Amino acid sequence: MADDMGQVPEVQAPATASGSKYAWPAERRVLGTEVRRVDGPAKARGAAKYTYDINRPGLLHGLILRSPHAHARVRSIDLSAAAAAPGVRATLVIAEPGAKVMYQGDEVAALAATSEDTARDALRAIKVDYEVLPHLATVEQAMRPEAPVVFEGGNTRTSDVQEEGDLEAGFAAATHVVEGLYSTQVQTHVCLETHGCVCEWDGDRLTAWVSTQAVHGTREGFAQSLGIPQSNVRVICEYMGGGFGSKFGPDAQGLACARLAKAANAPVKLMLDRKDEHLAGGNRPSAYARIRAGAAADGALTAFDAQTWGTGGAGQGAGFPLPYIYVFPNRRVVHTDVYTNAGPQRAMRAPGHPQGCFITEVLMDEIADRVRMDPVAFRLKNLPAEAPNAMWRRYFEMAAAQFGWSRRHATGDVTPGPIKRGFGCAANRWGGGGRGTRAQCEILPDGSVVMRSGTQDLGVGTKTLMAIITAETLGLPVDAVRVELGDSNYPFSGGSGGSTTAPSVSPAIRVTASKALEALAARIAPGLGVAPESIVARDGRVRSTASPSTSLTWREACQRLGTEPVSVDGEWEAGLSASGTSGVQMAEVEVDIETGITRVTRVLCVQDCGLIVNRMAAESQCLGGIIGGIGFALFEHRLLDPNTAQMVNPNMEWYLVPGLSDIPDIQVTLVDQPGRGVIGIGEPPAISTAAAVANAVANAIGARVRSLPITPDRVLAALRTDRAGGTE
Amino acid sequence: MNHPTPSSRLVYGAHCAHLRHKGMYVTSLEAADAAVADSYHATSYWCTCTQKALGPDGQPVAADRCHPGSGRACCAG
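Chains as they are written, first to last, in my numbering: chain A, 1 to 728; chain B, 1001 to 1077.
Simulated from the structure, these hints should not be mistaken for laboratory data.
Do not rely on the hints blindly, as some may be mistaken.
[As the list claims (entries may be wrong)] Which chain B residues face chain A? A few, computed with CB under 7 Å, are given here: (1) K1022; (2) V1026; (3) H1041; (4) S1044; (5) Q1051; (6) G1058; (7) Q1059; (8) H1067; (9) S1070; (10) C1074.
[Claimed, not checked] Pairwise CB distance ranges (calculated): (11) B:G1071 to A:S159: 19 to 27 Å; (12) A:S76 to B:G1071: 27 to 35 Å; (13) A:S76 to B:A1076: 50 to 58 Å; (14) B:A1063 to A:P134: 26 to 34 Å.
Predicted, not measured: the structure shown is a model, and the values here were computed from it.
Ideal Cβ placement from N, Cα and C applies to all residues, glycine included.
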């Protein structure tokens, strides 16, 4: 395969399951084309019902009282006034007297009332007496020797030393040595749809409409937490407004919602607001790395010695892969997790990778400057000789040609005027293999087709993906297929994480649709006087390859089913999907050295994802990832007051995300590799944008900003302290 | 509808039965895939008793904190 595709030797793409009768068709009619989302009109009209839109008869509104303190013990809690308030139907203590709260936003109590305003008024009537305890707002505070021990076992936890090669020999062989401190910030998920759910009991059976990335996993979570059989729980999520890794279970608010609904004997809606979301909905940990690295005169990397740390908030880890992608034959990394009194981290779009990518890629550019090599040539020299399914070498060359990398100037734009321009680049890797999904397909006598699976569509186009594959397999237009998903009563599918949804779901749909067609053929072939194996479906017709004159419209064929539809189950099959993606991005920026403001003007992305199912959706994933990466590079930053550990920007006014005017010209080149089957692409495009932007900024201004986000003050500070010649 | 479920990735073993992380719910192609399995310890954990990253005793939950030998009263073998 590598030779067929002209790939470099590092490619080790797996062979397709060519022996399967359900293998992807060699001649693809719909697959790989640009298909608009089948649920786009419903979303545009407002007909699509998200969790927030679910309004059951007699619905109550739930709210959670959260700790205003970063660290405190609950001495007492009195809900009597709240419980007696007009309209309040149920109250719940979450943090019992004696319990500690570990961060601002930690859940203390909850209640349900007849309206949101009533609930909010009643929430203010809850009396909590806190014993405020010492807190740790920053990694610096937590790492001080004299810091109070807030977390049992200590405020920090250092990993084993990861070491390979001979570090001393590596530095001895180095002609150039670079040292620096690099860091990335805490970024919150900022899901457009906040976390939350609607819970309704019917006796001992719970139905929960949840904004979740794991319909079946959330069913298991509710059952486990509530001590009821999983068969008594139904979780529904037909539409969802993003999760980015933060929505894998009922969460505290889900559990509170279910308990309030049970106590009130009425359905309850409990959705987080934007402040709750920032405080308690998860975040990407910070990352710090103090690195000393060496390279030989010819540009070959020789040594890498790093101390790293970061905070995942209250008791959660903050690891990241380092060094990222490139080969330092002699290396040592020691990582320390630092615990602070802040909302705990959760998985966020390629956990650890954006941090590791930024730190390594910025370091790579610094070394390239020392060696006086072009950054792309320097990277090509230091890529792994062999890596599974990694095609960085080819992609760097493709990207350089498309981007016009040859026009890159040396570090520091020497043109006159305050606006400096620069180019930067970075690479990424990811797994993206999934399995295990099951599906059910019905072909009905009137010709309609239903494909059903218990997966969920996070807003990325899974529903359209299922329609495309079904349509391709049955020879029908995409809009002839009805897709049903997002219900734990449907066949099992795993959670949507790790970019596993498309590679998990796609084979299941292909197999199930194929089996449905086989079942249809078996039913109608005798009446047509042909062998079932000769039946094919294409262009809305059903034909026999053995008898060219035997041809029915799809509807005519289905009418022969009489009153009994075709209904078959199918499941994921190996060989139709795979794991392992790689990609390269290049960015162009303009930096105003008078104001320090950076504007990303252009990003180019070369990315593979195996067989492309829907080119439009795959490109959309890249666009979203890159825009998120720009937010990470320039804007997003959870800011805590160092004195109180309270978040000072828990909103979308001061927690900045990219707006339309911040989105550059983005060029996406997807490398189609149908022989590999489907590979997930949700995560990889989000990994390398910030690193490419940071390197472009340094190329523009001749000074290096080693900390994200690259805010104007940091640009100006870098110019003051680290300015190269020729920028004035 | 009653559909069978693939073999569960909910691994109790040496850890508390209430401990959860994302990987338990994602049907990844390769459990050992470094990119997904968080071999660099970026995993976020939660407890099914609280559905939070803090257990019933108010302390953080994690693989190395939630096992029978941890001395936590809330730990279920």
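The hints, checked one at a time:
Checking B:K1022 against chain A by beta carbon gives a least distance of about 5 Å; that is within 7 Å, so the hint holds. For B:V1026, the interface hint holds, the least distance from its beta-carbon to any beta-carbon of chain A being 4 Å, beneath 7 Å. Checking B:H1041 against chain A: minimum C-beta separation of about 4 Å stays under 7 Å; hint holds. Taken as an interface hint, B:S1044 checks out: its beta carbon lies about 5 Å from the nearest beta carbon of chain A, inside 7 Å.
Taking 7 Å as the C-beta cut-off, the interface hint given for B:Q1051 holds, the closest approach to chain A being about 5 Å. Look at B:G1058: its Cβ gets to within about 4 Å of chain A, closer than 7 Å, so that hint holds up. Interface hint at B:Q1059: satisfied, since its Cβ lies 6 Å from the closest Cβ of chain A, which is below the 7 Å cut-off. Among the interface hints, the one on B:H1067 is violated; its C-beta lies about 13 Å from the nearest C-beta in chain A, farther than the 7 Å criterion.
Checking B:S1070 against chain A: minimum C-beta separation of about 10 Å lies over 7 Å; hint violated. Hint status for B:C1074: violated, given a least beta-carbon distance of 12 Å to chain A, over 7 Å. Between B:G1071 and A:S159 the Cβ separation comes to about 22 Å, which falls inside the hinted range of 19 to 27 Å. The hint said 27 to 35 Å for the Cβ distance between A:S76 and B:G1071, and at roughly 28 Å that hint holds.
Checked against the hint of 50 to 58 Å, the C-beta distance between A:S76 and B:A1076 comes to roughly 29 Å, which is inconsistent with it. Restraint check, B:A1063 to A:P134: a C-beta distance of roughly 27 Å satisfies the suggested window 26 to 34 Å.
The structure is inconsistent with the numbered hints 8, 9, 10 and 13, although it conforms to all the rest.
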